[in-house]
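For the protein sequence lines, the chains are A and S, in the order given.
In this text, residue positions in the first sequence follow my numbering: the first is 1, and each later residue adds one.
In this text, residue positions in the second sequence follow my numbering: the first is 1, and each later residue adds one.
Not one of these hints is a red herring.
One-sided and incomplete, this derived list gives chain A residues near chain S with beta-carbon spacing under 10 Å:
| id | residue |
| --- | --- |
| 1 | C244 |
| 2 | V245 |
| 3 | P246 |
| 4 | G296 |
| 5 | G543 |
| 6 | M712 |
| 7 | M742 |
| 8 | L751 |
Because the hints were derived from the structure by calculation, they are not lab data.
Glycine included, each C-beta is placed from N, C-alpha and C at the ideal position.
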Amino acid sequence: MSRTDDPDDGRAGELPPDEAERDAGADAADDPAGGEYATVASREEKVDARSIVTGDARYTADYAGTVPDLAEAAVLRSAVAHGVVTEIDTSRAAEMDGVYAVITPDSPSVPDRPYTSAGQSYPEPSPWDLHVLRRRVRYVGDPIAAVAAEDTATARAAVRRIDVTYEEFDAVFSPEAAMADGAPRLHDADEVENVQPGADYERNVEARVAGEIGDVDAAFEAAAARPDRTVVETEWETPHQSHCVPEPHTTIARRDEDDRYHLVTSTQVPWHVRRQLAHLFDVPVRDVRVTKPRIGAGFGGKQSMVIEPIALALALAADRPVKLEATRTEEFHAMRLRRPSRVTVRSVVTDEGDLEALDVSVVTNSGAYGPHGMTASGAVGKKPLPLYTHTPNVRLEATAVHTNLPVAGAMRGYGAPQGHFAIEGHMDEVARELGLDPIEFRSRNLIGEGDLDVASKILDPGEGHGRRIRSCGLDECIDRGKDAIGWNDVDQPEEDHLHRACGVALAMQGSGIPGDELGAAHIRMNEDGSFVLQTGAVDIGPGADTAMAQIAAEVLGARPADIVVQPSDTDVSPFDYGAYASSTTYVTGQAVKKAAEDAREQLFGVAARLLDEPADALTARGGAVRSERTGESVSLEAIGYESIYGDDVRAQVMGQASHSTDESPPPFGAQFVDVTVDERTGEFEIHDLVFAVDCGVAINPDLAAGQVTGAMHMSYELAVGGGLSFDDEGAPEVCGFRDYGMPRTDDQPPLTPILVETHEPTGPFGAKSVAEVPTNAVPPALSNAIRRAVGVRVSDLPITPEKVNAALDTQ
Amino acid sequence: MELELTLNGDDATLTVARSASLLDALRRAGYTGAKRGCDTGDCGFCTVLVDGDPVKSCVQPAVRTDGAAVETVEGLGSQDDLHPIQAAFVDNAALQCGFCIPGMIMRTKGLLDANPDPDEGEIRESLSGNLCRCTGYERILDAVDDAAGRLARTDDVAADGGRPVPERRSCAGPAPGGEQE
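Turn these sequences into a full structure, and let the hints guide you.
This is the structure:
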């Protein structure tokens with residue numbers, strides 16, 4: 001199928017009028033400095049860098065010393081994988097010195113209604129199947145009771161003195177076992193609210209989604225009768241992955257002097273936490289305040305509301321502020337994880353190398369509860385499939401299954417790493433089957449600028465044809481990545497048993513969730529010409545606050561240092577959906593740009609009076625507003641003083657805007673791996689990892705490149721390390737960094753990020769997202785490289801020397 | 001019990017529980033630069049210097065630092081007068097969420113005090129006890145290399161707010177506490 005065969009009847013060709021207008025307006029407004037962005041797309045010091053390196057930056061736990069009468073907390077968690085608590089005796093704990101409160105599922109301060117820990121839009125596309133504390137336990141780690149005491153040591157000692165008696169049930173640990181006839185049932189459908197499509201709690205199925213474009217069965221039937229068609233089928237498996245989030249989940253909860261609930265908490269989603277706490281504790285949304293201080297990263301782990309309700313229930317029971325800080329053991333099995341997956345891919349391809357059909361079946365292991373189950377499982381297929389959007393017949397079926405293991409949730413990439421491992425591994429197998437170069441084969445079928453991404457809408461067939469690709473630098477990513485890794489000139493080692501090869505895998509993601517995001521921004525001008533910017537953007541580490549300051553500064557002709565960015569606080573900041581789905585720069589960034597433009601219009605009004613020039617002759621740059629006609633200028637500081645203390649009209653300059661959009665332009669990337677494999681042992685050495693990414697215009701290239709290497713590190717860890725294991729009873733065997741095997745400086749291969757810049761017309765100053773896409777493709781690229789080096793395929797992660805060796809032995 | 005030590009060059013007395021870790025003692029005293037990441041000595045976010053050596057303060061009993069010289073990140077530069085190591089981390093964009101950074105910086109100081117001109121392999125090995133999940137380590141490795149260069153070009157050890165650098169304890173036996181990987 002050629003690219004001119006456009007499956008879209010309604011939206012082909014030019015941008016719709018509103019978008020065309022927006023683009024035109026943006027182009028003019030984007031360019032106050034006459035061709036170069038003064039601050040956007042340039043290196044700027046991260047706004048919090050100096051506070052971080054001096055230790056001044058405060059994370060939630062660091063506020064403990066500022067809260068009088070603060071209690072510290074610990075949680076009692078289930079010791080069995082499946083069962084019901086028949087008796088809880090808290091008397092020995094409650095009588096200990098220094099213990100302020102012990103709560104169980106029966107305590108008055110503990111809500112008993114179901115909720116989901118998924119911090120998603122309302123109503124959440126996740127089942128409400130969790131309770132704050134539980135008698136019915138479904139995995140080793142389910143919270144049963146909690147203690148607030150004068151310090152953590154006392155709270156933990158008290159937890160150890162709570163006596164629990166269980167009635168144990170049979171447990172299941174794999175999706176296959178959970179869906180089998182006669183398997184123990186985890187959930188009663190009558191007790192779950194907000195049940196998701198395809199749920200079948202009789203068979204422990206949390207959700208099942210499916211969609212099809214064209215006629216896949218017909219394509220396979222036709223292929224069976226034609227010698228010039230090849231059918232390839234592959235199967236792929238991925239394990240649990242931990243976020244290994246540096247700062248453990250931490251919350252300080254209290255009832256404040258106005259009898260409202262105030263939480264200082266390490267969250268990516270303050271507004272969703274506020275709404276969900278209000279629902280759980282049955283109070284108006286306005287009576288909950290969530291403050292996000294500095295966050296020690298999230299990676300999706302803090303898109304879940306896991307500990308906040310326990311801390312708040314304890315604070316109410318103890319009638320004093322409570323700090324709850326997860327232990328590292330809890331981080332590894334009682335917070336959230338990347339969901340294990342099994343993916344089957346079948347395809348039909350012509351002898352020339354054109355894909356005719358793709359049939360993808362996904363089963364994921366949600367664990368005991370269902371946050372993000374349907375959406376992340378669907379994303380396993382939805383994220384990578386658009387790479388090959390010209391394939392006329394595509395089917396995707398995704399099933400999320402409950403087992404008695406820890407709870408999966410959101411994690412950087414959100415299903416895409418699992419999906420890319422399957423699809424990009426499969427594409428190499430197809431190319432190999434046809435005797436084609438893996439890059440040439442991909443390029444023949446690849447999405448490009450101007451194409452319609454049909455496949456992204458595969459699960460919503462009633463809603464039109466998907467998104468138009470307005471920017472795509474994939475070809476350049478491939479070219480530059482190939483050059484950087486040395487694709488065409490790999491030297492073979494002199495030793496006969498060593499074999500060296502490069503592998504490739506392509507990747508894409510989104511920028512926000514189309515039609516399901518809102519970012520808002522408010523900016524006001526101080527009399528000295530500086531600005532205070534409030535957004536709901538939740539900087540969890542990578543530098544959103546800095547990017548927002550740069551965007552506002554660009555519009556206002558100010559220095560980024562003149563923009564004071566306030567951290568998100570639901571009492572203070574405008575609304576935001578939160579830091580997930582690669583949305584912040586793209587969605588909230590556009591809100592900041594619009595709010596700054598609103599403010600600029602007002603300060604032009606003041607400047608017009610001072611300069612006696614019409615406002616439309618003015619531009620803002622270099623800390624001043626100037627008339628292009630006369631060359632006269634007036635400083636932002638003078639405008640600030642005039643607006644507030646002036647003799648004329650006094651009005652503070654305050655801009656505001658919201659931004660929501662149906663667009664979600666994908667960033668694209670190409671991952672390359674250079675590896676040498678020892679055919680005697682299966683041991684392999686990675687010489688370099690290169691990821692070339694098209695993120696549109698990179699707002700602050702330094703920060704963008706840092707996000708790329710960080711995401712590659714996480715992807716590398718998924719490829720070769722990490723993974724959790726459980727004993728026969730479902731108890732976790734990995735409870736710390738040492739067991740988990742997170743890469744350290746001495747075992748992390750070199751990482752080379754390449755920024756390939758395009759201009760995304762719907763993004764702020766041409767930007768789209770970059771945070772997630774580099775998480776997706778080290779596993780397939782490494783598997784493909786090893787396949788090219790020694791001819792064996794490892795299709796289940798992690799890729800270990802033992803697996804390579806075993807495959808070599810059976811070759 | 002009372003703990004007498006030299007903290008960032010000043011004499012200090014900390015009241016601590018007998019079972020408290022050095023991390024607990026420091027944080028309770030308001031020195032929150034050292035972060036709690038694992039309580040098992042695996043992540044290195046709590047790294048401080050004890051008598052010049054990098055130590056995981058979460059597994060270091062506080063009582064064993066009685067009489068010792070302890071350095072935390074608070075004892076280096078201030079935001080408007082950064083220590084060269086801190087400046088190198090800022091200028092190399094070697095930080096994101098920042099939770100590991102105080103420990104990384106103290107680890108770096110321990111390394112560069114002992115080995116002012118480490119090669120890349122020595123830097124990688126020295127930093128291997130300190131985890132970072134955000135950066136992929138690349139910028140941090142660059143920053144340490146850069147910091148070594150800056151320190152070599154600086155006659156004074158540091159523009160660290162005028163605090164004297166604690167003398168390394170000279171003792172025949174192994175230092176109490178010390179490295180725990």
